[in-house]
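The chain contents come next:
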Amino acid sequence: EADIYQTPRYLVIGTGKKITLECSQTMGHDKMYWYQQDPGMELHLIHYSYGVNSTEKGDLSSESTVSRIRTEHFPLTLESARPSHTSQYLCASSNSYYGYTFGSGTRLTVV
Amino acid sequence: KNEVEQSPQNLTAQEGEFITINCSYSVGISALHWLQQHPGGGIVSLFMLSSGKKKHGRLIATINIQEKHSSLHITASHPRDSAVYICAADNYGQNFVFGPGTRLSVLP
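Residue numbers (my numbering), protein chains in the order written: chain B, 1 to 111; chain W, 1001 to 1108.
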């Protein structure tokens, strides 16, 4: 049973549209992360949060933004989608004692 | 040089074989994670290690902190073990540093 939920699972959207990828966890984890992964490639950290009202950019330059208004919710927003944003986006949360839990991912295609 | 390296990159095995995947890291860590990613893209956390050895079913993970090396072993491999196995260094709870992954195919 998943304790971290991502929606939508798949999304095809036109260039220029604004989209929000949702991520929610029920474990009370303080730390949450967004990773981007192209097919067959490594995961790259794009945003992370250590708690409510805390957000930081990761290693990969991204034209996305995140917010953390509630502990359980960490949405990722693309203001203007481009074909170069086509990728898989994985959300994760962590507790230092129990490790990481990943969501199922959102596979985004921008046409 | 990548901070986390894995070998082999690709591995094909026959069902029933004993499999070892290696991970070496050069960063300071608070823990080392082994993750499994199936073709559909979902990632499952297999182990979190800070010392010694852990076992879960047919999977065994070991870590040598002094040598900065970890191994993931799969005993009696099965086609359903086919996946990408990723080693990730936990940078004191800040974030992961991921290895490139090892693509495992187990043939029936």
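Do not rely on the hints blindly, as some may be mistaken.
Said to hold, decoys possible - Below are the DSBU-like pairs computed for lysine-lysine, each with C-alpha atoms no more than 35 Å apart in a straight line:
no., chain 1, residue 1, chain 2, residue 2
1, B, K18, W, K1053
2, B, K57, B, K31
3, W, K1054, W, K1068
4, B, K17, B, K31
5, W, K1068, B, K18
6, B, K17, W, K1068
7, W, K1068, B, K31
8, B, K57, B, K18
9, W, K1053, W, K1068
10, B, K18, W, K1055
11, W, K1068, W, K1055
12, B, K57, B, K17
13, B, K57, W, K1054
14, W, K1053, B, K57
15, B, K18, B, K31
To be clear, the hints were calculated from the coordinates, so they are not data collected in a lab. Bear in mind the structure is a predicted one, so any value in this text is a computation, not a measurement.
Status of the hints after comparison with the structure:
1. Among the hinted pairs, B/K18 with W/K1053 is inconsistent with the structure: their alpha-carbon atoms are about 46 Å apart, more than 35 Å.
2. With a CA separation close to 14 Å, the supplied pair B/K57 and B/K31 stays within the 35 Å bound.
3. Restraint check for W/K1054 and W/K1068: the C-alpha separation of about 17 Å stays at or below 35 Å, so the hint holds.
4. Distance check on the hinted pair: B/K17 and B/K31 sit about 29 Å apart at the alpha-carbon level, within 35 Å; holds.
5. For the hint linking W/K1068 to B/K18, the alpha-carbon distance of about 44 Å lies beyond 35 Å, and the restraint is violated.
6. Our distance criterion of 35 Å between C-alpha atoms is broken by B/K17 and W/K1068, whose separation comes to about 45 Å.
7. Only pairs whose Cα atoms come within 35 Å are accepted, and W/K1068 paired with B/K31 is accepted, the gap being roughly 25 Å.
8. Taking the CA atoms of B/K57 and B/K18, the gap is about 19 Å. The hint holds against a cut of 35 Å.
9. Between W/K1053 and W/K1068, the direct Cα distance comes to roughly 14 Å. Compliance with the 35 Å bound is thereby established for this hinted pair.
10. Taking the CA atoms of B/K18 and W/K1055, the gap is near 45 Å; set against the 35 Å cutoff, the hint is violated.
11. Under the criterion of a C-alpha separation no larger than 35 Å, the hint pairing W/K1068 with W/K1055 is consistent with the structure, at around 19 Å.
12. The suggested pairing of B/K57 with B/K17 holds, with an alpha-carbon distance near 22 Å, which does not exceed 35 Å.
13. Simply put, B/K57 and W/K1054 have alpha-carbon atoms about 33 Å apart, close enough for the 35 Å limit, and the pair holds.
14. Simply put, W/K1053 and B/K57 have alpha-carbon atoms about 34 Å apart, close enough for the 35 Å limit, and the pair holds.
15. Taking the CA atoms of B/K18 and B/K31, the gap is near 26 Å; set against the 35 Å cutoff, the hint holds.
When held up to the earlier numbered hints, the structure conflicts with 1, 5, 6 and 10 and fits the remainder.
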